[in-house]
Structure formats: C-alpha cells, structure tokens
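Chain order of the listed sequences is A and B.
Here our numbering is used: the first residue of the first sequence is 3, the next is one more, and so on.
Here our numbering is used: the first residue of the second sequence is 100, the next is one more, and so on.
Hints are not guaranteed to be accurate.
[As the list claims (entries may be wrong)] As a list, the in silico SDA-like pairs of lysine to any residue whose alpha-carbon atoms are at most 25 angstroms apart:
(1) A:Lys94 <-> B:Ala208
(2) A:Lys134 <-> B:Ala310
(3) A:Lys240 <-> A:Lys134
(4) A:Lys94 <-> B:Asn207
(5) B:Lys308 <-> A:His93
(6) A:Lys94 <-> A:Leu67
(7) A:Lys134 <-> B:Pro234
(8) A:Lys240 <-> A:Met198
(9) A:Lys112 <-> B:Glu215
(10) A:Lys134 <-> B:Arg229
(11) B:Lys308 <-> A:Thr95
[To be verified] If you want the ones that stay clear, here's a sample from chain A, every Cβ over 10 angstroms from chain B, calculated:
(12) Glu30
(13) Asp80
(14) Gly220
(15) Val241
None of these hints come from the bench; they were simulated from the model.
The C-beta atom is built at its ideal place from N, Cα and C for all residues, glycine as well.
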Amino acid sequence: MIEVRGLHKRFGAHTALHEVDLDVARGEVVVVVGPSGSGKSTLCRCLNRLETPDGGVIRIDGAELPEEGRALARLRADVGMVFQSFNLFQHKTILDNLTLAPVRVRGLSKDEAERNARELLDRVGIGAQAEKLPAQLSGGQQQRAAIARALAMRPKAMLFDEPTSALDPEMVGEVLDVMTDLARDGMTMVVVTHEMGFARQVADRVVFMADGEVVETGTPAAFFDSPTSDRARDFLAKVLSH
Amino acid sequence: MNVITDHLSEFGDGLLLTVELTLLSLAGALVAGIVVAAMRVSPVRVLRAAGMAYVEVLQNIPLLVWLVIAVFGLPEIGVIAGLFTTSVVVIVLYQGAYTAEAIRSGINAVPAGQGEAARALGLTFTQSLRLVVLPQALRTVVQPLGNIAIMTLMNTALAAAVGVVELTSAANRVNLAEAKPIWIFVTAGLAYMALSGLLGLTTGVLERKWAILR
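Generate coordinates for the entire structure from the input sequences, incorporating the hints supplied.
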C-alpha cells in the first residue's frame, strides 16, 4: 500500500531523514515513535508530499508520488491526514468542513455530502456540533471533527501526525478511541505519536526512529518488552518511567 | 451661503461623479488586488515575479503622473478612451497595487496549517487559495482595506487634474465664477468627510460581521 525507499530530506544543513525505508501493508496499523526531532513527523508529511523529499522513492498503491499539481492532488484525496493542530477551516462550520472536499474534489452533490458528513460526525460522537464553528468546540471535539473530515473523502489510508499532542490530557482518550475503532475497521494507518499505550495495544508494527533514521521495527510486544538497540532502550526508559 | 445653494446642481453632479469614480475604482481595485496577491503567493516563479513587478512599478510612481501619462500618452499610441474611463482604469490599477499588498499580508496571517489541510484533502493550490485561505485572509484585512478605500476616495480628486469634473473640479469651476474659495472648498471638504465617514462606518460593520473566531 505504502512503500518508501531511501527517503532523504534536508532542512538547510540539517538532515531530517536519512535513507528511510518503510512498508505499510493494506489494513496495517504502523505506529511511529521516537524522540523529538527524530524525523517522524517529517516522514509522515513526506508520505503525501506536504514536505517535498530531497531523494528516494515513495509509492502509494504502486504509483510513485507525482510532482505538485493535479495528479498529486488526486492522490492526496485518497490519503487522509490528521494534524497535531487540527487545522479545521476556521471560517466554516463543522459540517462545511466535512463537505468542502467531497463536493469540490469528488464532485458529490451537496445533499449527499451532508448526509455522509452527518453520519461520520455521529460515528465520532459529535453529531450535535455540526452547525458550530471550530472555535466553539473543545480540542478533543475538534480533533474528532478533523478525523471525520479526512474520512469524508473515503481515503484508502490515513496519516496521523501527533494527533493528541496538542490536547489536554482528559481529551486524549476520546480521540484515541476513535482511532482505535478505525484501526479495528481495517483502515490502513500510519500514526506518529507519543502515546505508548496506543502503540502497544493498537499497532500491528512499531517503527522506532532516532536522528532521522529508522533504528528498529517490530511488533509492539517485541519492541516494548525486548528492544534490541541502545537508543530504543534509552528512549523507552525515559518515556515509560513515569 | 447663497453661493452653495445657487450652485447645488453643479455640486450635486460633481459629488455623483466622485461617488461613481470611487465605487468603480474600489470594485476594480479589489479584483486586481486579489489577482495580484494570488500571483505573489503562487508556487510559479514567473507569476510571483510579475506580481512583484506590478506592485513595485505602480506604487513607486505618483498617481497624478500615471493619470497624465494615460490621458495624454495613450492617445499618442492610438488608444482612445473617455476621460472618465481612463481615470477609473488608472485608479483601479494604482489602488490595486496597495490592495494586493494588504491582502498579501492577510494571506500571510492565515496559519500555514489551513492551506496544508486543504491540500491534504486533495484540493489544488488554486482551490485551497480560493476556498480556504483567501476567505480568511480577506476577513483579517477589512480594516486596512477600509483605509485603502478612503485613500481611493481622496485620490479620485486627482482626476480633476486631467479634466474629469468630479467634486473638486466642480468646486473649482464654481469658485472661478463666484470667487468665494472658503465657502466653496469647505463645502467640498465636508462632502468628502461625509463620504469617508460612510466608508469608515461600513468598514466597522463588516469587520464585526466577518470577524473570525479562533
């Protein structure tokens, strides 16, 4: 489904990603963990080319990511993305946030798009908020709306870039619940997160990154119980000690 | 006071022409401003350069010079248009440069995540600009656009210099006949103040109505 080979990305003199390989099978949930600055968000943002890679190949469903333009827009429509800062369109109601792309990109009728949108909002538990503006919702509700907005495009895969990092602690659970349901329904997911509980319970595979490289990859049980690299052991000692 | 009441129709005609000049120029400048601002943030280098050149050339030559060039220069190369039309086009292009810069600052004030989210959903760059970024950008620059609108109103007086009989020119003509400059030009000034007051009020209403909750 997603195939990454030799991915390279620099920001000025800083190398953010170095020779990264990654494969995500259809229906697989891959959780990417690692210390801040390890390149995991950059990797996630390269997968739909919000960051332009400096080298390497990314294939989605066998097709190489095209240059910026219509073809890339079409491909992005099939890959949902959820951001740390929600990024709901501030000037539109929650319902309009969900219908904009299905109407403009998929060519759905307004009625059909609204019907789908309301279904999705019910599914993530915020059906009553449809007519409100994003700023009138709590962070957890906004992030659930953002997930619903991505799902409204009926994507083949979903990317999550630290979806709970900007949330108050009491709202993390409601967002992770929605993501867990999504994983159970068989969605292909790449999740960059610091939520180790989620990684352990929901991931099919954990990818550990440090200094722009994939250091270790394995099942959650293998990674959390018997990490093979020093950097992973060091990381786990820090995040699991409290 | 008689000097005003005796010439009400001249004042009225001048005022009407000033209002027409202003409204047409504002509408045109808004369109030009949006197009040029979009060019200036475009991913296409040629468009960015063209947008920048436009702003630099228009802003760095006085409006009066542009008006004189257009009114006296264009006929020499075979472009013939009425004084009013020529003045509107020149004011539109000139104020369009200032409008573009105000709108561009609004675009820069929209968080980058908004455009990213739009593109991540499959919208093209143009769609994300038109449907997501610009609507938010325009709402944040209502106040500076209001100032530009008032500046546009004031600048329509320069059309008097190239023969358009708008309010200032009408007042000047009345004064040539009556020689009562204080009464006549204070009256014209008060009319400008009233118009700019209206523009200011409109700006305030729009700003409150379109404020974005963040």
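Now for the hints, and whether the structure bears them out:
1. At roughly 17 angstroms between alpha-carbon atoms, Lys94 of chain A and Ala208 of chain B fall within 25 angstroms of each other, so this suggested pair holds.
2. For the suggested pair Lys134 of chain A and Ala310 of chain B, the alpha carbons sit about 15 angstroms apart, so the restraint of at most 25 angstroms is met.
3. Distance restraint check for Lys240 of chain A and Lys134 of chain A: the Cα-Cα separation of roughly 40 angstroms exceeds the 25 angstroms cut-off, and the hinted pair is therefore not satisfied.
4. The hinted pair formed by Lys94 of chain A and Asn207 of chain B meets the criterion: a straight-line CA distance of about 19 angstroms does not exceed 25 angstroms.
5. For the given pair, Lys308 of chain B sits about 12 angstroms from His93 of chain A by alpha-carbon distance, which is consistent with the 25 angstroms threshold.
6. Note on Lys94 of chain A and Leu67 of chain A: the hinted pairing is violated, with a Cα-Cα distance of about 30 angstroms set against a maximum of 25 angstroms.
7. For the suggested pair Lys134 of chain A and Pro234 of chain B, the alpha carbons sit about 18 angstroms apart, so the restraint of at most 25 angstroms is met.
8. Simply put, Lys240 of chain A and Met198 of chain A have alpha-carbon atoms about 12 angstroms apart, close enough for the 25 angstroms limit, and the pair holds.
9. This hinted pair checks out: Lys112 of chain A and Glu215 of chain B have alpha carbons roughly 23 angstroms apart, not beyond 25 angstroms.
10. Distance hint between Lys134 of chain A and Arg229 of chain B is fulfilled; the C-alpha atoms sit about 22 angstroms from each other, no more than 25 angstroms.
11. For a cut-off of 25 angstroms, the pair hint linking Lys308 of chain B to Thr95 of chain A stands: about 16 angstroms separates their Cα positions.
12. Listed as a non-interface residue, Glu30 of chain A keeps its Cβ farther than 10 angstroms from every Cβ of chain B; the least gap is roughly 21 angstroms.
13. With 10 angstroms as the threshold on Cβ separation, the claim that Asp80 of chain A sits away from chain B is violated: the shortest Cβ distance comes to roughly 8 angstroms.
14. The non-interface label for Gly220 of chain A is consistent with chain B: the shortest C-beta to C-beta separation is roughly 29 angstroms, beyond 10 angstroms.
15. For Val241 of chain A, the non-interface assignment is confirmed: its Cβ lies about 26 angstroms from the closest Cβ of chain B, beyond the 10 angstroms cut-off.
Of the numbered hints stated above, those contradicted by the structure are hints 3, 6 and 13, listed in ascending order.
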